[in-house]
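Participant: Here is how the chains run, residue by residue.
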Amino acid sequence: MTKKRVATVWLDGCSGCHMSFLDIDHRLLDLADAIDLVYSPLVDFKDFPDDVDVTLVEGAISSEEDLEKIQRIRSKTKVLVSLGDCAVTGNVPSLRNPVGVGPILQRVYLDEHPLGAAPDQVVPKLLPAVRPVHSVVQVDVYVPGCPPSADTIFHVVSELVAGRIPDLTDRTRFGA
Amino acid sequence: MSRVVTLKIDDRDVSGRDDETVLEVARENGIDMPTLCQVDGLSSVGACRLCLVEVKGVPKLLPACTTYVTEGMEVWTSTERINRYRRQIVELLFSEGNHICAVCVSNGHCELQNLAIRLGIQHIDYPYRYPKATVDASHERFGFDGNRCVLCTRCVRVCDEIEGAHTWDVKGRGINSQVITDLDQPWGESPTCTSCGKCVNICPTGALFEKGKSVAEMTKRGEFLPYLTTMRGKKQR
Ligand code: SF4
Ligand code: SF4
Ligand code: FES
Chain A
0 MTKKRVATVW LDGCSGCHMS FLDIDHRLLD LADAIDLVYS PLVDFKDFPD DVDVTLVEGA
60 ISSEEDLEKI QRIRSKTKVL VSLGDCAVTG NVPSLRNPVG VGPILQRVYL DEHPLGAAPD
120 QVVPKLLPAV RPVHSVVQVD VYVPGCPPSA DTIFHVVSEL VAGRIPDLTD RTRFGA
Chain B
0 MSRVVTLKID DRDVSGRDDE TVLEVARENG IDMPTLCQVD GLSSVGACRL CLVEVKGVPK
60 LLPACTTYVT EGMEVWTSTE RINRYRRQIV ELLFSEGNHI CAVCVSNGHC ELQNLAIRLG
120 IQHIDYPYRY PKATVDASHE RFGFDGNRCV LCTRCVRVCD EIEGAHTWDV KGRGINSQVI
180 TDLDQPWGES PTCTSCGKCV NICPTGALFE KGKSVAEMTK RGEFLPYLTT MRGKKQR
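Protein chains in written order, with numbering that gives the first Met the number 0: chain A, 0 to 175; chain B, 0 to 236.
The reader is advised that the hints may include incorrect statements.
One side of the interface only, derived from the structure: several residues of chain A facing chain B at Cβ under 8 angstroms [what the hints assert, rightly or not]:
| no. | residue |
| --- | --- |
| 1 | S81 |
| 2 | V87 |
| 3 | H112 |
| 4 | H133 |
| 5 | P165 |
| 6 | L167 |
| 7 | T168 |
| 8 | F173 |
Simulated from the structure, these hints should not be mistaken for laboratory data. Here the structure is a predicted model, which is why all the values come from computation and not from measurement. Idealized CB from N, CA, C, for every residue including glycine.
In isolation and in its complexed conformation, chain A is listed as follows:
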């Protein structure tokens, strides 16, 4: 059996979904036989490769960099999975949306701490609103949860590796 080429990416999230992924423990060994992890914060590849079978996306789209990355990733991925509430709904990062970028930077960098000014170099520019992944690119599988449980993630990955679209009825929910 040829191994599935799997990638994971970490956009605007807390890395909790990746932690939950690692939480599948010894079952990682079963997965390791079936997949090639071709890109991930867990491994050391610098560039997102071509021809990826499955990409799990943790995190919302918050900055210009996130937006640029997700578009590139979408164009190189067959099955794109929104993993976790930040990717699926915007979740905690989107708490800033009703406030707006200007006031939030003002509050964090000027009012609360004497940091002088909000950074305008090196760190990516924030988008006016944090958005769920599917509002900017097409998403094929949604896995809500904050984070989705290790069992849910194992189920999702095993199904996708077997070439099936996972059925998540009764397995997870927003905020789970």
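Following the hints, complete the assembly by docking chain B with the ligands onto the known chain A.
Facilitator: Positioned in the frame of chain A, the structure of chain B with the ligands alone reads:
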């Protein structure tokens, strides 16, 4: 005097009294459908439209919670069209407010979340509105977070019909509607609120909560309502 009528719900022959709603007769016969604004023991207002059903000979969909049964009626409670609308309604509720379940007091005990599960909603197709909503923490024991209010008006009705205080009401129209206390004054300064907590316990979401509860800690105790209504005797319709 009420009369007994016979009708068909989901192609099953059932009977009920003509002072009963389609929802009541359906549930008596083990046919359930999702509801949100309706609670046993309060008047029904047909606000959320989740209980919409198809009735033979009626071109529009009718809310089962405010439609009375009639002789010979034929009702369908779960057609493909209805189920599609129900999913849309719940998705719209999510997109309309700011529901960040992961940090909500009601996470895991929320009727809106449960509806999403029941209807198989795993993402929201509509664009989110991210409204700037009010939070009122002025009451000594309770809080209101408008980010999570679904405008079911359960709080308004329980406060008026059961507690008799009528502290809660609705201001504005359409998408600008909001629940308010008294004449849109801070809850903590309300001269009418008796601090009984009925609104908090009947609210289906994390919009009304007890102070001091953290994420996922707010469980509602709505059981008081059927008790009270039974103790006070059935109200005349
Ligand atoms: S009220 Fe319910 S749906 Fe809204 S954020 Fe809280 S748990 Fe989620
Ligand atoms: S505060 Fe709660 S009970 Fe009142 S209208 Fe909003 S969601 Fe319904
Ligand atoms: S439950 Fe009937 S309209 Fe809300």
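Participant: Should the hint that P165(A) touches chain B count as held when the rule is a Cβ pair under 8 angstroms?
Facilitator: Constraint on P165(A) not satisfied, violated at 11 angstroms.
Participant: Less than 8 angstroms between beta-carbons is the criterion; does F173(A) satisfy it with respect to chain B?
Facilitator: holds, 4 angstroms
Participant: Quick one, is the T168(A) hint okay against chain B at 8 angstroms, beta carbons?
Facilitator: Interface hint status for T168(A): holds (6 angstroms vs cutoff 8 angstroms).
Participant: Restraint: H112(A) near chain B, CB-CB cut 8 angstroms. Satisfied or not?
Facilitator: violated, 23 angstroms
Participant: Could you check if S81(A) really has its C-beta closer than 8 angstroms to a C-beta on chain B?
Facilitator: holds, 7 angstroms
Participant: Are V87(A) and chain B close enough, Cβ to Cβ, to be under 8 angstroms, as the hint says?
Facilitator: holds, 5 angstroms
Participant: Return the status of the interface hint for L167(A): holds when the least beta-carbon distance to chain B is below 8 angstroms, violated otherwise.
Facilitator: Holds: closest Cβ of chain B sits about 6 angstroms from L167(A), inside 8 angstroms.
Participant: Hint validation: H133(A) versus chain B, beta carbon distance must be below 8 angstroms. Holds or violated?
Facilitator: holds, 6 angstroms
When each numbered hint is compared with the structure, violations occur for hints 3 and 5.
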